[in-house]
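Peer 1: Those protein sequences? They're chains A and B, same order as listed. Be aware that the first sequence starts at 2, since it is given in our numbering, and climbs by one per residue. Be aware that the second sequence starts at 2, since it is given in our numbering, and climbs by one per residue.
Just so you know, the hints here were simulated from the structure itself, not pulled from any lab data. A portion of the hints provided could be inaccurate.
A pair holds if it fits inside one copy or across any two, identical chains being indistinguishable in the list.
[Unchecked claim] Result set (SDA-like, lysine to any residue): computed pairs, CA atoms no more than 25 Å apart in a straight line:
hint, residue 1, residue 2
1, Lys-145, Val-325
2, Lys-145, Met-336
3, Lys-62, Val-273
4, Lys-250, Leu-301
5, Lys-292, Glu-42
6, Lys-292, Ala-47
Chain by chain, the residues run as shown.
There are 2 protein chains.
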Amino acid sequence: MDSAIGMSTTFDFDSWVNQQLARVESALQDWVSDEAVADSEHHAPAELIAAMRYAVLDGGKRLRPLLVLATFDAVCGGLCEDYLSHEENADEAARRGAPDGVARSEKPSIAALRAACAVELIHAYSLVHDDMPCMDNDVLRRGKPTVHVQFGEAQALLAGDALQALAFELLTPDDASVGAGRQARLCRLLARSAGCAGMAGGQAIDLASVGQYLTESQLREMHKLKTGALLQASVMMGAACGETTQHAKQALLRFGAAIGLAFQVVDDILDVTADLATLGKTPGKDAQHDKPTYVSLMGLAAATAYAQQLKAQALESLAGSGLVNTQALQGLTHMVVDRCC
Amino acid sequence: MDSAIGMSTTFDFDSWVNQQLARVESALQDWVSDEAVADSEHHAPAELIAAMRYAVLDGGKRLRPLLVLATFDAVCGGLCEDYLSHEENADEAARRGAPDGVARSEKPSIAALRAACAVELIHAYSLVHDDMPCMDNDVLRRGKPTVHVQFGEAQALLAGDALQALAFELLTPDDASVGAGRQARLCRLLARSAGCAGMAGGQAIDLASVGQYLTESQLREMHKLKTGALLQASVMMGAACGETTQHAKQALLRFGAAIGLAFQVVDDILDVTADLATLGKTPGKDAQHDKPTYVSLMGLAAATAYAQQLKAQALESLAGSGLVNTQALQGLTHMVVDRCC
Numbered sequence: 002m003d004s005a006i007g008m009s010t011t012f013d014f015d016s017w018v019n020q021q022l023a024r025v026e027s028a029l030q031d032w033v034s035d036e037a038v039a040d041s042e043h044h045a046p047a048e049l050i051a052a053m054r055y056a057v058l059d060g061g062k063r064l065r066p067l068l069v070l071a072t073f074d075a076v077c078g079g080l081c082e083d084y085l086s087h088e089e090n091a092d093e094a095a096r097r098g099a100p101d102g103v104a105r106s107e108k109p110s111i112a113a114l115r116a117a118c119a120v121e122l123i124h125a126y127s128l129v130h131d132d133m134p135c136m137d138n139d140v141l142r143r144g145k146p147t148v149h150v151q152f153g154e155a156q157a158l159l160a161g162d163a164l165q166a167l168a169f170e171l172l173t174p175d176d177a178s179v180g181a182g183r184q185a186r187l188c189r190l191l192a193r194s195a196g197c198a199g200m201a202g203g204q205a206i207d208l209a210s211v212g213q214y215l216t217e218s219q220l221r222e223m224h225k226l227k228t229g230a231l232l233q234a235s236v237m238m239g240a241a242c243g244e245t246t247q248h249a250k251q252a253l254l255r256f257g258a259a260i261g262l263a264f265q266v267v268d269d270i271l272d273v274t275a276d277l278a279t280l281g282k283t284p285g286k287d288a289q290h291d292k293p294t295y296v297s298l299m300g301l302a303a304a305t306a307y308a309q310q311l312k313a314q315a316l317e318s319l320a321g322s323g324l325v326n327t328q329a330l331q332g333l334t335h336m337v338v339d340r341c342c
Numbered sequence: 002m003d004s005a006i007g008m009s010t011t012f013d014f015d016s017w018v019n020q021q022l023a024r025v026e027s028a029l030q031d032w033v034s035d036e037a038v039a040d041s042e043h044h045a046p047a048e049l050i051a052a053m054r055y056a057v058l059d060g061g062k063r064l065r066p067l068l069v070l071a072t073f074d075a076v077c078g079g080l081c082e083d084y085l086s087h088e089e090n091a092d093e094a095a096r097r098g099a100p101d102g103v104a105r106s107e108k109p110s111i112a113a114l115r116a117a118c119a120v121e122l123i124h125a126y127s128l129v130h131d132d133m134p135c136m137d138n139d140v141l142r143r144g145k146p147t148v149h150v151q152f153g154e155a156q157a158l159l160a161g162d163a164l165q166a167l168a169f170e171l172l173t174p175d176d177a178s179v180g181a182g183r184q185a186r187l188c189r190l191l192a193r194s195a196g197c198a199g200m201a202g203g204q205a206i207d208l209a210s211v212g213q214y215l216t217e218s219q220l221r222e223m224h225k226l227k228t229g230a231l232l233q234a235s236v237m238m239g240a241a242c243g244e245t246t247q248h249a250k251q252a253l254l255r256f257g258a259a260i261g262l263a264f265q266v267v268d269d270i271l272d273v274t275a276d277l278a279t280l281g282k283t284p285g286k287d288a289q290h291d292k293p294t295y296v297s298l299m300g301l302a303a304a305t306a307y308a309q310q311l312k313a314q315a316l317e318s319l320a321g322s323g324l325v326n327t328q329a330l331q332g333l334t335h336m337v338v339d340r341c342c
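Chain A with its partners taken away, still in its complex shape:
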């Protein structure tokens, strides 16, 4: 515990975020490209790649990748540095022609970076499809024209589809940097959280709920799928890149559920309190579409208090997890909730 407290006092969250964002942006730049997907037989068309890159490389907050990487840090505990230096040694050994066993060792931090980017691709594709005329019909996203406005509806549809496939490509590199067991586990977590009992399911409930009265429990159910499942999966995918005890895993599941819900409550609050410049997308959208939100259901003050309560729950789960290196996860929890209240 002493060392945890010691680390906690010296941890610089802003530096950590900047460092991780730089890694994620650079990896996305590399991996969402024809060079990364092409082989001698198959190439991706330039226009489709352009639409995919436009959708992904647009200065999003990258909350999901940060959750993956922060959780990976937490489950590595003090071992992260060891992993990293081991990997550097492995690369060095590979350059020198070391025996196969060394050069081909697993690289958990590479697995975590791939997982981080894969989750972001799923998130990005969902925004592209969500913005389309048959869904939310939104023309502005992160301060730019949406993908279908820029590239046309058909290309937007295909770019979303291709981004989903690319997420699973990122998780299954054809080398030994990510072990087969980990590849399978990461695909499983991502597929379930993205599918009909996850994000896509939540969006279908959202569709059906326009103009309907929902109880708080129905609203929570919708958001647990629509945004919560992928946020929770981000946490569990980060954990899957390291090793965790069953106890820590349960605590992280609770943490993921709390932060997922908190994120949505905050989003609902910002939709009524923020302006376009702050939000980067059209504010007041929910009210305009007659969508039930935590604010419409509880009122602004109660929704704000609820967000604070969920933050406390998330932090409590971390404190009881037995994990010592949770500073980045704590920082993200504050970041998510404090942006509104």
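Since chain A is already given, all that's left is putting chain B on it; use the hints.
Peer 2: Chain B in isolation, oriented as in the chain A frame:
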């Protein structure tokens, strides 16, 4: 070789097809359902599941699943029966409370069935999105109203998205019936063939080619991605469920490329020669949309000869593969080409 020749004379292709179709239909019925995806925390909304089932359980030809299963038969050689009886023994042993090691053994024929259904889900989702107003705007598919006509555009978009995710769920069961290495390999093959350097990429080229003059080589390039990649992946996923030599793998890659191209040439021929009742979808669509086809490029007679030539290439690849149990693959090759010529 004697036993292979012996098997060849007694092989009943129609019975094989009927038996495999029954397995696939029953598995799709089970797996595209809330029961299959739900856990204690997450359920899929009924309307979305209904749209997904409508898209999948509609009497398609199931060519891709049959290719997976036929290739699995081919790489198993005479061992398939052993696998199956071993699996039955494992189930029996599990019922009797046998040691973990026996009950939890890998089940290659289950892996092949999951792979077969996963490929079909990808195919089904691509049809749903392809039929949407912003793409081909088609109202009829396999003799029924298309998904967006029946369920609305937004639900069709989400059903397609959720079917893609479900394909990867099917490949990553949380038990030992499919080994982690095989799960990872199957996800890798499927993701690449579905993505921007595969099916989605081919559709993007198709979009851009409307009203354009394409050379035969550009047309082949488009179809290699649009339909060829997933058909070839079906073959390679079947192979990945068993064990293959490098020589057989190369032969299967060539077989997959030839049958993929043959399928498209035949499709183009049928678009001008078949009527709605035979086709189950609107005929003459390509000409109407001013899309380049093998018929518009080569003329009907030359396209027909080309289909026959590709059939011969496919059969030649099988003959040179060193695999002895290829009767089902041969049968499928005839089935694909002989439906038109």
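Peer 1: Hint by hint, say whether it matches the structure.
Peer 2: Hints, verified against the model:
no.: 1; hint: Lys-145 x Val-325; verdict: neither (40 Å within a copy, 58 Å between copies)
no.: 2; hint: Lys-145 x Met-336; verdict: within (24 Å within a copy, 50 Å between copies)
no.: 3; hint: Lys-62 x Val-273; verdict: within (20 Å within a copy, 51 Å between copies)
no.: 4; hint: Lys-250 x Leu-301; verdict: neither (33 Å within a copy, 62 Å between copies)
no.: 5; hint: Lys-292 x Glu-42; verdict: between (47 Å within a copy, 24 Å between copies)
no.: 6; hint: Lys-292 x Ala-47; verdict: between (37 Å within a copy, 20 Å between copies)
Checked against the numbered hints given earlier, this structure breaks hints 1 and 4; the rest are met.
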